[in-house]
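Chain P is already provided as a structure; the job is to place chain Z on it using the hints.
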Amino acid sequence: MTDQPETPKKALVILGCPEAPAQQALAFHVAHNLKKRGTEVLIAGNPSVLNLLKVSDPEKHYVTDTMVLEKCIAEVVEKKRDCDLCVVFAHNDAAIAYAATMRYILPERRLVVIVFGKDPEPLAEEINFPCEKIVDKAVHNPMQLRKKINEVFGWAA
Amino acid sequence: MGCIENLKYEMLLPLGASFKECREYAEKNFAEVWYVDPGYRLFDEYIIGLPPIALGIEDGTKIIFPYTKPCHGTYLLRVEDPDEVERVRKTARKKK
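Residue numbers (my numbering), protein chains in the order written: chain P, 1 to 157; chain Z, 1 to 96.
Note that these hints are calculated values from the structure, not bench results. Just so you know, not all the hints are guaranteed correct.
[As the list claims (entries may be wrong)] Some but not every residue of chain Z turned toward chain P, in silico, with C-beta under 7 Å:
(1) S18
(2) F19
(3) Y35
(4) D37
(5) P38
(6) G39
(7) I48
(8) L50
(9) P52
(10) P70
(11) C71
(12) G73
(13) A92
Nothing here was measured: the structure is a model prediction, and the numbers come from that model. By construction, the Cβ of each residue, glycine as well, lies at the ideal position given by its N, Cα and C atoms.
Bound-form chain P, shown alone (with noise of 0.2 Å):
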């Protein structure tokens, strides 16, 4: 990892299936404590997971910016979208290959992979790529998570 600033100017979130509902708080979470140091935050996911966001949040409070996941990862390849640092919210195996995508196609940027739900452990375990892991058993509720979370970004609760 080279060039990481201390905070991300460009920060590019990740999410999953939103069937964990800890996922969209979590993400409000992240993006609300990104947004507030200065650092311009892009959510990416499926139609769902970004709707639910854009109804959560109509005036764009925490989520500015939405995109959907197939078209970010095209931008990245293709070199027109850049990070300094991705997060990437990971609670099934499909999850898990989207992060070690992203690993593979920003190989110098800064990983976080936030591993939750039912038994995110053996998930963890499949995770074989350079990152930092965030690994607790949430569903439905975010606090111990969020806590981690804080913990490795250096946030007050």
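Same frame as chain P, now just chain Z:
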């Protein structure tokens, strides 16, 4: 599934297959296997996955490849396209 959804495909492994299961299936069931990295372009889509991503070739005309969706996991699909087969043979790494 974007462009891939519009292709005439067969699903070899169903919804919810893991990425690892798809790779193992391709490696075990096809004599001709090629490897690519995430972000490799196939049928105008960028392939997602843990590298190396295994692609099978069948009868010289069909490609077997994983296709990942956030909510469903990874599908293993088979699509007939001789031109794309030739492109894979020219640009991917062959299994030794």
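Against the structure, the hints come out as follows:
At about 5 Å, the closest approach between the beta carbon of S18(Z) and any beta carbon in chain P falls short of 7 Å, and the interface hint on this residue holds. For the restraint placing F19(Z) at the interface with chain P, the shortest Cβ-Cβ distance is roughly 5 Å, inside the 7 Å limit, so the hint holds. For the restraint placing Y35(Z) at the interface with chain P, the shortest Cβ-Cβ distance is roughly 13 Å, beyond the 7 Å limit, so the hint is violated. Hint status for D37(Z) relative to chain P: holds, with the closest Cβ pair at about 6 Å, below 7 Å.
Nearest Cβ of chain P to the Cβ of P38(Z): about 4 Å, under the 7 Å cut. The hint holds. Contact between G39(Z) and chain P, as hinted, is supported at the beta carbon level, the nearest pair being about 4 Å apart and thus within 7 Å. With a least beta-carbon distance of about 5 Å to chain P, the hint placing I48(Z) at the interface is held under the 7 Å criterion. At a threshold of 7 Å, the smallest CB-CB gap from L50(Z) to chain P is about 4 Å, leaving the interface hint in force.
Taking 7 Å as the C-beta cut-off, the interface hint given for P52(Z) is violated, the closest approach to chain P being about 10 Å. Taken as an interface hint, P70(Z) checks out: its beta carbon lies about 5 Å from the nearest beta carbon of chain P, inside 7 Å. Checking C71(Z) against chain P: minimum C-beta separation of about 4 Å stays under 7 Å; hint holds. Hint status for G73(Z) relative to chain P: holds, with the closest Cβ pair at about 5 Å, below 7 Å.
With its C-beta approaching chain P no nearer than about 15 Å, A92(Z) sits outside the 7 Å limit, and its interface hint is violated.
Figure legend: structure checked against the earlier numbered hints; hints not met, in rising order: 3, 9 and 13.
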